[in-house]
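Let chain A serve as the given structure and place chain B with the ligands on it in line with the hints.
Those sequence lines, one after another, are chains A and B.
Numbering of the first sequence is given in the working numbering, commencing with residue 1 and proceeding in unit increments.
Numbering of the second sequence is given in the working numbering, commencing with residue 1 and proceeding in unit increments.
Incorrect hints may have been included.
[As the list claims (entries may be wrong)] Here are some chain B residues the structure puts well away from chain A; computed CB gaps all over 12 Å:
(1) Ser55
(2) Ala123
(3) Val564
(4) Asp610
[As the list claims (entries may be wrong)] Derived pair list, reagent style SDA-like, types lysine to any residue, alpha-carbon separation capped at 25 Å:
(5) B/Lys449 <-> B/Trp161
(6) B/Lys127 <-> A/Leu96
(7) B/Lys493 <-> B/Gln661
(8) A/Lys301 <-> B/Gln661
(9) B/Lys617 <-> A/Met1
(10) A/Lys39 <-> B/Glu28
(11) B/Lys617 <-> A/Lys39
(12) A/Lys301 <-> B/Lys449
[Said to hold, decoys possible] Which stretches of chain B does chain A cover? Using the computed rule of at least three CB atoms under 8 Å from a CB of chain A, they are:
(13) 114-121
(14) 284-296
(15) 446-458
Calculated directly from the structure, the hints in this document are not laboratory data.
Nothing here was measured: the structure is a model prediction, and the numbers come from that model.
Yeah, the Cβ is synthetic: ideal placement off N, Cα and C, and Gly gets one too.
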Amino acid sequence: MKPFTYTRADDVTSAVSEVSRQEGAKVIAGGTNLLDLMKIDVMQPRHLVDITRLALTTIEKTAEGGLLLGALATNADTAYHEQVEQRYPLLSHAILAGATAQLRNKATDAGNLLQRTRCYYFYDTHTACNKREPGTGCSAIHGYNRNHAILGHSEHCIATHPSDMAVALAALEARIHVTGPQGERTIPIADFHRLPGDTPEKDTNLADDEIITAIELSPKGFARHYTYLKNRDRASYAFALVSVAVGLDMEGDTIQEARIALGGVAHKPWRNPEAEALLTGKKASRENFQPVADAYVHGAKGFEHNSFKIELARRSIVRALMQAAHVDQNSNGN
Amino acid sequence: MATNQIGKPQNRVDGRDKVTGQARYAAEFNVKDLAYGVVVSSAIAKGRIKEMDTSEALRVEGVLEVFTSENRPKLASYDTSFQDEDAPPGSPFRPLFNRDVLFNMQPIALVVAETYELARYAASLVKVEYETEEYATDFEKERPNAYVPEEYKSTTPPDPWGKPETALKEAEHKVAEEYSHPSQHHNPMEMHATTAVWEGDGRITVYDKIQGVLNSQEYIMGVFGLAKEDVRVLSPFVGGAFGSGLRPQYQLFMAVMATLELKRSVRVALTRPQMFSFGHRPKTVQQLSLGAAADGTLEAVVHHVFAETSRFEDYSEDVIIWPGVLYKCDNVKVSHKLVGLDVYTPLDMRAPGGTTGIYALECAIDELSYKVGMDPVEFRLKNYSVRDQNEDKPFSSKELRECYRQGAELFGWKDRKPQPRSMREGHNLIGWGVANGAWEATQKPSGAKAVLTKEGKLTVSSATADIGTGTYTIMSQIAAECMGLPIEAVEFKLGDSSLPQSPLEGGSWTASTVGSAVKLVCEKLGEKLLELAQESDDSPFKEAGIEEVEFTDGQMRLKENSSVAIPLTQLLRDNKKDNIQVEAESKPSDEQENYSPYSHSAVFVEVKVDEDLGTIKVTRVVTAVAGGRILNPKTARSQILGGVVWGIGMALEEESVMDHQYGRFINHDLAEYHVPVNADVHDVEVIFVDEEDSIVNPLGVKGLGEIGIVSVAPAIANAVYHATGKRVRDLPITLDKVM
Ligand SMILES: Cc1cc2nc3c(=O)[nH]c(=O)nc-3n(C[C@H](O)[C@H](O)[C@H](O)COP(=O)(O)OP(=O)(O)OC[C@H]3O[C@@H](n4cnc5c(N)ncnc54)[C@H](O)[C@@H]3O)c2cc1C
Ligand code: SF4
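The following block holds chain A by itself, in its conformation from the complex (with noise of 0.2 Å):
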């Protein structure tokens, strides 16, 4: 770990003015990523903006009927908030989903979108990495590659976002509040992460000198209708090796409006317009989910050691469907 110095911020511009002012600054959440990583140098941040006394933390109605997420509420609270429960449960249960209670208690929102990805390599500063150290190479190619990505990795970085709660944002296509020197903007959810490109070190579209202070759902839901199903290799405490959030409008047995954000499989939430468009209209049954997963994985690309994630992405798309349309789960279909 190397040194650094370290100032607590008061409120929301002086910590984009510290930020901005200091080369090589962060700001510090709840630091269950961030210090992780300085411990083993993989980040080597000179300054540390500390911003968990801002006022950052509360979940409230906004006046379209949406909810705006405080960039620091806890993903616990967030979990755990009666509106969210009620009217987004998909963003429920897919931070239920990630990391350990403990884990949950202290990480924040706005954290968990930035948190960086899990590529061993990334982690090992005596290997060849892209994204931590650019021009290095990227090992995880030719190397141990379980979980990396099969859509829209390049050839200088294979590395998959691991966070849960993103791919539900993805599908109720969340608004990212950021403030920066040049003042405030929205950023979808859909530009908010980045494919790695030429440029894996940069997995958003987040300034440097900006910082998240919230983030906005709409009014919809998908209550009714919804599913996370995260696939892994243990059943805690473990990064999606694929996982799937499903959000459905439906009449009756047919669907209005579906929304099918997959995890665990490229560098950003995966999100296929074009595939969910061809559910609308039709009725829920398995011979419908099908080509719509066919179409999600089409062009997916796997490696030595994830290939198998492709076939996951699509049995898992399906099953998904089928739960949140709550269509019979034990017949082949109707």
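Frame of chain A; chain B with the ligands shown alone:
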């Protein structure tokens, strides 16, 4: 023996200390002026250190020294000095010996500073330039070069008996398959650590994470040339070790070296990634060919083993003894070859060899039972063995039949549908599997000491360890029972090199070994007390022999006439004694030579496998154990539960992944090296069947540290087959292999 301590579900005597943080571990002994060492690990698997620049690290204020191969003190020059009690044949690794790098994450420097944080920071400033050499870490690539070692650490493979090849050829039903498991690391909760305390005048006290303080003491004496009286090693509590603490690890070397050089107390604790830099369960591939007659008689077993070792030591474990132990078979052939890799030497990990060999054999036997068309339990009973065929000796006792009977009944085995894929519940395919296992019940020589004070307090001690198994508790129970004292009046001391010698805590032999020594020393104490009473001429015990007296309720009394009694406290006071001390050394009996002592188990498992997604849940486990006399059902059950949980991990999760681009284990933390979490563990029932054994040792105990794990992984693998119709023969059975 009226207190009846033995067999009571006594709570751990050290439980309160542990849950309140009073129990201190090796890295928790704080002394004045303690300095902190951080180990720098190599970034390459093989080669030479061309250049190491420590100047920047040394410039950090608060850094005391950076030790490397260039400035280390003079050390012993022979291999024998570095060979510890558990060393395999070969040339042990010597930290900082020279510039050679023999394996990845090899310790190549120690940075010592005033604080841990400074040492860690300075360690990151050490710059190393390497000359890399070609290395081999790919087991499959090296397997063609497998060799028979000059000397086995484990049992030398027995000669074949019968006509295995012919019997195999002629058998009606056959199985010939290959089974494997990857390298696995122990990953105890407590990471390896040593606090070496400088006592002045060249004397040191060392708090070490070790499964036997005498092993560390000998190592230090050998390597640094210290006299016995100048080194005291203590290890009162160990936060799990599972074999990783059998050999002194390099943090001990580093801490002691720095302490002697700086004449100042030093602590060295390893990091979690560094826990992947030394011994581990070796990757092992096993070829098994079995043959059975039409009626299910096992006709032939041919078992070939290929297991990983390092380039500098020939590590081997008892993988090939199981065909001769588990089943009656007239035609058996086994072999055990080593595959040398540029890695650190593997190391015993809970039930070394047993978990490996029994896994493969019990899977193959299961496959054969399907071929024969017999129920897997029936098939095993049909080939039940009452003799150890490796040694050609009868078992000292074997209640495995009863394990099958009670286990099957509690599990409800009779309702099993024999066909694979025949039981389901929604998306889940349900599978029931079984496996049996065994583990040697060894007794070794051990010393013990007992001190009884005139206040009635009994202190019994031995240099042994308690690695979380409950040694403190069961030894206190044995002593309390022998002397007829309440357990509160007894204190058991361990983990101190100044105490009477005892072997490493491992191999499930501590209960029998140290327990027998404790029993013996208490018997001697009893004799001494009787002698004391007989010193006065009018003693009512004057004519009594030791077999005529009993110790109960804090008294010594005549068995025939309980009104003739004297409180032990009074006995000492009457004779003006502050205390009485005795020492004893117990040894296995000659009679044991004629028998083969093993504990046995039968494990029944239910799994639910998601038909589409491949996720596997172990929903029920019933394990029935024949482990001789159960000293404490509570701590005993905990041992078996722990074994079952680990078995789940071995079957479904554990794998140290070697990256051959770097020759380095790459999933080196507990986020990515998976062991079971609570959510993976469902109903687990433990049965102890009654088993009397008057041969195995004076207490009739067999030890339970390892029997709990040995047959869990195969039972799960067999259940997965029954559920899905798919045989996965390479562990761990992850969802991609079954979906
Ligand atoms: C062992 C383990 C298992 C886990 N398992 C899972 C899992 O299964 N699923 C899952 O989704 N997550 C999992 N997590 C990750 C966990 O959810 C994240 O660590 C946590 O959400 C991060 O939040 P934090 O507040 O602690 O962030 P911090 O560590 O404080 O910060 C993380 C990053 O976000 C930045 N940051 C934080 N807040 C702001 C802000 N307001 N504006 C701008 N930048 C900000 C920091 O600068 C830093 O770069 C796991 C973590 C661990 C350690
Ligand atoms: S996949 Fe990305 S994070 Fe992993 S080694 Fe390659 S560049 Fe680094």
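Consistency of the hints with the structure:
{"no.": "1", "hint": "Ser55", "verdict": "18 Å, holds"}
{"no.": "2", "hint": "Ala123", "verdict": "10 Å, violated"}
{"no.": "3", "hint": "Val564", "verdict": "61 Å, holds"}
{"no.": "4", "hint": "Asp610", "verdict": "9 Å, violated"}
{"no.": "5", "hint": "B/Lys449 <-> B/Trp161", "verdict": "46 Å, violated"}
{"no.": "6", "hint": "B/Lys127 <-> A/Leu96", "verdict": "43 Å, violated"}
{"no.": "7", "hint": "B/Lys493 <-> B/Gln661", "verdict": "48 Å, violated"}
{"no.": "8", "hint": "A/Lys301 <-> B/Gln661", "verdict": "22 Å, holds"}
{"no.": "9", "hint": "B/Lys617 <-> A/Met1", "verdict": "40 Å, violated"}
{"no.": "10", "hint": "A/Lys39 <-> B/Glu28", "verdict": "21 Å, holds"}
{"no.": "11", "hint": "B/Lys617 <-> A/Lys39", "verdict": "35 Å, violated"}
{"no.": "12", "hint": "A/Lys301 <-> B/Lys449", "verdict": "68 Å, violated"}
{"no.": "13", "hint": "114-121", "verdict": "holds (count 3)"}
{"no.": "14", "hint": "284-296", "verdict": "violated (count 0)"}
{"no.": "15", "hint": "446-458", "verdict": "violated (count 0)"}
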